[in-house]
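Undergrad: As given, the protein sequences belong to chains A and B, one line each in that order.
32 is the number of the first residue of the first sequence in our numbering; add one for each residue after it.
7 is the number of the first residue of the second sequence in our numbering; add one for each residue after it.
Worth flagging that the hints you see were computed from the coordinates, not collected in a lab.
Glycine residues also receive a C-beta, built at the ideal position from the N, C-alpha and C atoms.
Wrong hints could be hidden among the right ones.
[As the list claims (entries may be wrong)] List of simulated lysine-lysine pairs, DSS-like, C-alpha gap at most 25 Å:
# : chain 1 : residue 1 : chain 2 : residue 2
1 : A       : K141      : A       : K85
2 : A       : K134      : B       : K63
3 : A       : K141      : A       : K99
4 : A       : K102      : A       : K85
5 : A       : K134      : B       : K23
6 : A       : K36       : A       : K134
7 : A       : K69       : B       : K17
[Stated by the list, open to error] Here are the computed distance ranges between Cβ atoms for each label pair:
#  : chain 1 : residue 1 : chain 2 : residue 2 : range
8  : B       : K23       : A       : G47       : 49 to 55 Å
9  : A       : I49       : B       : L45       : 44 to 50 Å
10 : B       : Q89       : A       : E73       : 22 to 28 Å
Here is what each chain is made of, one letter per residue.
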Amino acid sequence: DQQVKQNSPSLSVQEGRISILNCDYTNSMFDYFLWYKKYPAEGPTFLISISSIKDKNEDGRFTVFLNKSAKHLSLHIVPSQPGDSAVYFCAARGSQGNLIFGKGTKLSVKP
Amino acid sequence: GAGVSQSPSNKVTEKGKDVELRCDPISGHTALYWYRQRLGQGLEFLIYFQGNSAPDKSGLPSDRFSAERTGESVSTLTIQRTQQEDSAVYLCASSLGLGGNQPQHFGDGTRLSIL
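The shape of chain B in the complex, shown without the other chains (with noise of 0.2 Å):
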């Protein structure tokens, strides 16, 4: 399909093992942006990138926490050293670019559980 895909799905991991995330964004659309959300809770962000800028990494919640981009294409978040507080629903979603209104659209997510 056309739309944001991320790897894996699902994914359940120990306590203080790394984890990475895939994302592959809409094809042409030169903004993506990560987003969590624990259970019960609105989406929270996490960390922006648009086309070849340095990215925002305002919202990460700590230096555990990095992310990656090539070029206007995939995207890997990469959690070290997981706690049981990063279990929740990370999702990824790409836009056309920051130019007019322009909605973002979303990935069906990753699913992490810690345990």
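If we strip away everything but chain A, and leave its shape as in the complex, we get (with noise of 0.2 Å):
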């Protein structure tokens, strides 16, 4: 059963317009949350994250928001750049410090 779920396996943005990538969780007692860029043949780089004592956490271009009540967090990339066509993985820090991902969204920013 999964427990970081990300429902969207694709989403494609216009140049210039707002991305955003949607996770859900199903543990409560989950208190960090990462997102993670990936691109093919390479490993994960670190984006963004948040503590579960905020609601929301910004740097440059990327946002993320906590909305703990309803165990969803969400990206927001503005303006979104072609460059930012990749995987989105989101994460929670799992009781040994392990990561627990969900399967991704592929963002396609078109020219």
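Relying on the hints, combine the two individually framed chains into one complex.
TA: The following block contains the structure:
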């Protein structure tokens, strides 16, 4: 049973518009969430994280929102750029410190 | 570079052979993790090392899998008597440790193909 779910396997967005990637989780004990970006044949690259004591964290074009009551987080990228095209993974930190990943959303930003 | 380094980048081997995968974490990172990603799936946790503590092996899928770490440096993941279902990308990550919220930084992985 998946504890972290990314229900959209793919998303296509026009350059300059906002990309919104969504993630749901089932375990209310998760206290730290991360987003990673992955290009083919490369390892995941850390993008941004959020602690459960916050509901928003911003870093440049990237903002992560956390809704604890809904067990939902989202990553907003604005403005989207063609170089943002990649697979985005949502992750939650497990009790042993390991990360529990969703299956990823493939983002395509069209010029 | 100063990132996590994994070798080999690709490994093709016959079913039944043993394989050894290597990970060099970022210098100073006390925590080291192994994950694998099967085709079309998310990353699956395998094993975790923190400093000199006993490793957390709870994610290892079978007793054919084992891992070692020398101090706070290099780690090797060994798969004995490989099976076709072991085919995956094996990813290593390191972080500064459990204190605070520390992101994990990943290597580029070893793509393992079992024929």
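Undergrad: For the pair supplied as a hint, K102/A and K85/A, is the alpha-carbon distance within the 25 Å limit?
TA: holds, 13 Å
Undergrad: Check the hint pairing K36/A with K134/A against an upper bound of 25 Å on the C-alpha distance.
TA: Status holds; Cα separation ~7 Å.
Undergrad: Hinted pair, alpha-carbon criterion (25 Å max): K69/A, K17/B. Please report holds or violated.
TA: holds, 21 Å
Undergrad: Per the hint of 49 to 55 Å, is the separation of the Cβ atoms of K23/B and G47/A within bounds?
TA: Holds, at about 51 Å.
Undergrad: Holds or violated: 44 to 50 Å for the Cβ distance of I49/A and L45/B?
TA: violated, 31 Å
Undergrad: What's the verdict on K134/A and K23/B, does the C-alpha distance respect the 25 Å limit or exceed it?
TA: Answer violated: K134/A to K23/B is near 30 Å, above 25 Å.
Undergrad: Are the Cα positions of K134/A and K63/B separated by 25 Å at most?
TA: Holds, at roughly 22 Å.
Undergrad: Is 22 to 28 Å respected by the C-beta to C-beta distance linking Q89/B and E73/A?
TA: With a Cβ separation near 27 Å, Q89/B and E73/A satisfy 22 to 28 Å, so the hint holds.
Undergrad: Has the given pair, K141/A with K85/A, been kept, meaning a C-alpha gap of at most 25 Å?
TA: Not OK: K141/A and K85/A at ~32 Å, beyond 25 Å, violated.
Undergrad: Holds or violated: K141/A with K99/A, Cα cutoff 25 Å?
TA: Since the Cα atoms of K141/A and K99/A sit roughly 32 Å apart, the hinted pair is violated (cutoff 25 Å).
The structure shown violates the earlier hints numbered 1, 3, 5, 9.
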